[in-house]
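Visitor: Chain residues, written in single-letter form:
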Amino acid sequence: MRSAGYNPPQRMMHKGSLWAVVALMCVLPAARAANWEQPSADLAKQIAALAGPGPAKLILRNDSSLASAEIPVIRRLLERDLRGFGVVTGGSESATLIRITLSENLRGGLWVAEVVEGTETRVTMLQVSMETVGPSAGGSGVTLRRSLVITEADPVLDAQIFSIGGVQKLVVLEPERIVTYERNAAALVASGSAQSSWMEDQRFAIAHTRAFPRDIRGELMPAQDHLFDAYLPGVLCSSTGASTQIAVGCSDSDDPWPISTPGSGAGSSSGSNPGPQRAFYNALRDYFTGVLAPGVSMELPPFYQAADFPRPTGTALLLNGLDGRVMLIENNILKPVSGANDWGSDFAVIRSGCGSGVQVLVSGSGAAATGDSLRAYEIAGREAIAVSAPVTVEGAVVAIHTANGAASEAASATVIVRRDAPTRYEVWNVAALCN
Amino acid sequence: MLRRFVISCVLIGVALAAPARTRPHYGGALRIETQGDPWQMPDGLARRLVLDTLTMVSDNGAVQPALAVRWESQNADHRWQLWIRAEVHFQDGTPLTADAIAASLDEVCSHGACPWRMVRAVGPSVIFTSDSPLPDLPELLAQAQFAIAKQDPTGAVVGTGPFRVTGFANGALTLVANDDCWSGRPFADTVELRSRRTIRDQWLDLSVGKTDIVEVPPELLRQAQQLHLNVPVSRPVDLLALTITPNGALASREMRQAAALSVDRTALCNVIFQKQGEVTASLLPQGLSGYSFLFASDRDLDRAHALRGGASSPALTLGTDDTSAAMQLVADRLALNLHEAGFNVQTASPASRQSAPLQLRRVHLEAGSPRAALDEMLARFGQNGTVTGTDAESLWRAERGILDNETVVPLLWLPRAWDAGERVRDLRLSIDGQPLLADASLEGAK
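One line per chain: the protein sequences are A and B, in this order. Position 178 of the first sequence, counting from 1, maps to 219 under my numbering, and the rest follow consecutively. Position 419 of the second sequence, counting from 1, maps to 466 under my numbering, and the rest follow consecutively.
Extracted from the complex, chain B is given alone in its bound form (with noise of 0.2 angstroms):
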């Protein structure tokens, strides 16, 4: 596990290393294609090639300046203080203000919960005060949900970001490069991106030569490695996980955890994910955390069988909102692993998917450090527990507090992949498995 992390660590080192040895070259329209919609939360392409955040995370998970300079914590964490960049301009030619980025994140708060209290600009620099001290926020603002935008006045999303939206025709939204970006003009002139095409349809393209890069799903990661393609892996980004409803018959501890012992992580792992993903019971993956294995991780039917009792089951339903291939394979295993431990568990119907006690997710990981992982992590699953401490030992400890009840069952860590075509040089991948098209430039581009 942890080679396959070092690898994949290492190939997004490759990824991110900024200049190539051979300089890479201006110029030039790259094309994309995805699966996902380009403006979906969190991993939309879109929002990341116009919108800058506060802050990045780095591949070390070190976080580092973006729109914010410098930054400062007060009284104990519930106040922080972030200064902004100077000079720094929105794509419509207005100045990013810390008026414009308190508006931007109140917007973003007026949809969903934000964990403080109040943004508020205070001549160029905004502060933010929370109830509960917020140790991480740094790092939390480099999250894509936290991205600055704002409409221009015919109502379209402009940022500060290395492109700007200028059309969508024909399935494809063209993206300009912002000359004048605080982080440098991207080498490439034009990006082409074109949303919801099946992975069939992308590989298609790409092997004709009608796109430039297109996404690998980590089910097919091992055929494409096979076939020697260009593909950059991330570090493992997406985690699998069961959650379960502490309701009616998985209202007791036991029930959940003879459930959660039915599962067979490692048939799921090789048979489906052709061994590209990482066995796992812990929110993190081994290589962030390095004390992932302390969280077992094997089948244990005997002991289902045991905890449960011999208690008769309902039947119960198992449901997930990912609608691909593979998810669904996953799933029916799901089903038939809980079945041999006595549960009677049938997969949900697309309508009753919503209201199953048991859920597969596929939830997606931004943070770089062990820390804020875990806190995102908790956020996405809405579970409520406090990570303190910084060093390994305290997030094991909390972290085993929160898995002891048996509401979320981790399963499998996967990475993400691009296939780029010959034509594209220097494709980095951002921590969270996204690919840095401002940092790709083109062959024979000048």
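The following block holds chain A by itself, in its conformation from the complex (with noise of 0.2 angstroms):
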């Protein structure tokens, strides 16, 4: 069953994401190796004004993360760049000694040049960025495909791509902002990479008057008469306005927060429920109560994630006790799931039209780890089943969320990856593709 159809562009946006990952993959190997032609032209720049022109021995060092692959190609382009200024390396009688060190601090990497000349020791040094572009993965039953939205250097709860007036917006949800990005398309031509193609064009701060919890979700969902509402602990923000700008309102609210989409009818027996099931959230901690609207015939257990899942028999709905353990609400029945104990906390629902045709994505459970994983699931009968390789991710995910902006057909999920040393927050769209 799908939900009525507002914020159609889904398509457009999956089309969108698999141009840029498309666009990516070209121009990556012509991106690494440009990497370090800047800073090598810089460095060779400022050896020559201490050493000056003619022969010298040049000793490289790696003392950073690089790989140990990249070396010989810096050294090359140091040469290369080192012969354009005049100083000629080789000579291993040079009287000049120029020792370079691949080092890195926490801005970066630095490059750390000393030029020896007899028992003088002369320094110059040079921050360069370290930024690298990482790999997507495949998988068995499903592939799941990822690709990056956009990197914040805050906490980043959930972002969604939204389509109005023809132009789309990624919305950033913040603990403490929403910021608007419009896609910039000349930038992504020229740059090839998807992040780079947003440009920020309106934040708005959210007002609250308690304190959020310390672990704190937050949702984007699509509305039918504006934009967007965004569910916080105790806060409810909703834009306005239909044009390209908008303006966002904040207030305290304990509205519960939709976990189904309208006409699911999620959990009951009938199907036929008019509005979205909803849940309402424990303003004072990391979950929901348990406490539905306009709920079921039984009591539940809190719990921290819940989506509407398709069934044969018409609309489940699958939620994440505190306790770790997944249960479906089918016909008004608690039915356990089993298969699920490798499931951490949070998940959302895609339709991929795959294999049975929906999948449920769910990271690794556990503490946060150095490394965190993504993989697809599906259920069949009580019994989860993976159907996808895990995807390994680097970091810790924080939230997953299906991706319901501009996609109310929901085959893809926003999943928000915390990277750390230094900590950022990447945003990354992960649609599952069939083999």
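If you're looking for bench data, these hints aren't it; they were derived computationally from the structure. Be careful, since some hints might not be right.
Stated by the list, open to error - Coverage of chain A stretches by chain B, computed from C-beta distances (three or more under 8 angstroms per stretch; other residues unrestricted):
(1) 157 to 168
(2) 242 to 254
(3) 323 to 331
What the hints assert, rightly or not - In silico negatives: residues of chain A with every beta carbon more than 12 angstroms from chain B:
(4) Gln79
(5) Ile112
(6) Arg224
(7) Ser279
(8) Gly355
(9) Leu474
Every residue gets a Cβ at the ideal spot worked out from N, C-alpha and C, and that includes glycine.
Bring the two chains, given one by one in their own frames, into a single complex with the hints.
Guide: Here you go:
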């Protein structure tokens, strides 16, 4: 069962993401080679200013996290650029020694050159960006494909792409503000990087009178008569305006959060409920209380996440309890789901059209770790069955949401990943593709 | 070295990852034991739990809002205005005001030197004025010594932090979750902080389930890791350094340089600290500055002898105010190193250690950015020096100028580590290696 057809451009967004990935893959080798061109030229210039033209012996040492395969590339570039300034390297008998250390500090790479002539050593340094592009991964039944949407320095709770007036807007929900971005097609073509194609457009502070909980969660939902609602613990923000420039107002609210799409009637026997199923959120904690509106005919335990899940007999409600147990509410019966011990607290239901047509995207369980994973499951009867290989995630998955902004078909998910050293939050769009 | 630092950063990073994959549960009592005083400066755990600072430093060295939500530099960093977060209350229910912050900082300054001349409240903001520019004031205000506190009518210290003190009995301080904390209620209901416990007792208590979190000193870190214990490790945050008073036999720079060249840092690191430190001759860790390898740390006994020129050495004493066994071993080994270079050095008795011309010190680093860190280290060592510029080369030149005087001889950078029992989830460390107990949760809690 599909929801009412507002926010239709899901397919467009999906295509855009794919196009971005393809473009990214095409430009990747060139981008990597070009990474070191400018730093090499800059450092060579600084060295030449100290050493002057003439022969020199060059020693290059890597004391950074750069892969060893990068070192010969950098060395060749440095030798070439030094030659351009008249500094000819290679002479082992040369009186001038240039010792370059590819070092690193908290700001990124630090290339340090020591020019040794007799007993005198002169030093010059260059701060270098160490940005690299990560790979994607595949699976068995379905393939999970991820594309980086944007990277933020501040915590991100959710991010969704909405369409307004023919313009795509990326809306990023942070604990203290909502930031909107607009697609910059020219930047996308020039850089080949999907994330660099978003330009900040507007930002709105989130007013709230009481403190947010420590493990704060939030969700962006499309709205019928305006662009979106943002749900945070004890706060509801709504956009206004139909033009490309919007306004956002926030107020204290204990309204329940939508957990299913309108008309799905998730969990009930009839499936004829006109509105979405909603759940009350405990604004002082990090979970839903278990009280639903309009509700189901049973008492539910508190849970972290819930979503409607298409079943042959109608739409069920899939939820993940605080104790880690995953349950299905189907025809007003609570059914435990086996094979979900490895599930983390968050999941998203995605309608890929592959296999059974619907998969659940989950992260790994346990405490935060240096590496996390994403995996797609299908639920056959009461059993969760992995249908993709786990996709390694560098960092910790901190939230998963169905991509429901411009994606009423929900064929992909928004995954928020926290990366460290330095701390940043990556927003990924993860789609399940048919093998 | 760098690899170790990166690993440290990753470990901190793990620790700093906010929500875990399985979300943290609320409730339960978290028990922790330490050797030190819970209120000691700058790293007393109770201070960190009860009090907040105006700003805080993230794991990547960025200054972030805490009790101050924004700040502005004026008059070329001679004047700073910080706006105070609204709707924040002390644990006794009184509102946090700019006046209360100014009063708290005045109290701090009355006990020691503050770098600013005056702090005053203006509406919802506080204004700092100084005679010299303070470009890193926001980061400086993240230091624990500038935490905001007040006394309630009973004389008890209250703050705005995630826990409030409710009692002290049988050597344990009990703290209860502050439900109205501006940064969110902590996950644990209570923290039981047992201080002045020896490492041996701490580990014993952890092994029998009497506590949840204990200290792992660097000299035992390797052992803990070999036992596959759950040990988050910080970046290098404690500097071991030899300070030399430039008087008497050590008045000349050559003699101080000879003393510095006689030290075998690698042996200290490998033997006493089981390779868990970073050999250094720099005031900043390599991972923070990126350039510390430029300061030579190798022992050069021949040059040390040459610099001494065969001069006879009067008896010198080497003192340390750290009474731990590891530091006593370091002091003994330093005395031996100096003796091999021709110095007549004896370790000082506890009574005379403060007057010793050679001092072994362990100095804690809180700052997260290179310039603020260098400023902090200069202040801790009582060195005069102006750090201008923010680029690595400027910092290196400034540091070289200071160390050239040979009155501070950096030896080793050491990490901090904690061992968490099986009940503890998501134990995170602050950038200066302190456990962030408000963000830790307990398995089985609801």
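Visitor: All hints are to be evaluated individually against the structure, with a verdict given for each.
Guide: Status of each hint after checking the structure:
no. : hint       : result
1   : 157 to 168 : holds (count 4)
2   : 242 to 254 : holds (count 5)
3   : 323 to 331 : holds (count 4)
4   : Gln79      : 17 angstroms, holds
5   : Ile112     : 14 angstroms, holds
6   : Arg224     : 28 angstroms, holds
7   : Ser279     : 22 angstroms, holds
8   : Gly355     : 29 angstroms, holds
9   : Leu474     : 24 angstroms, holds
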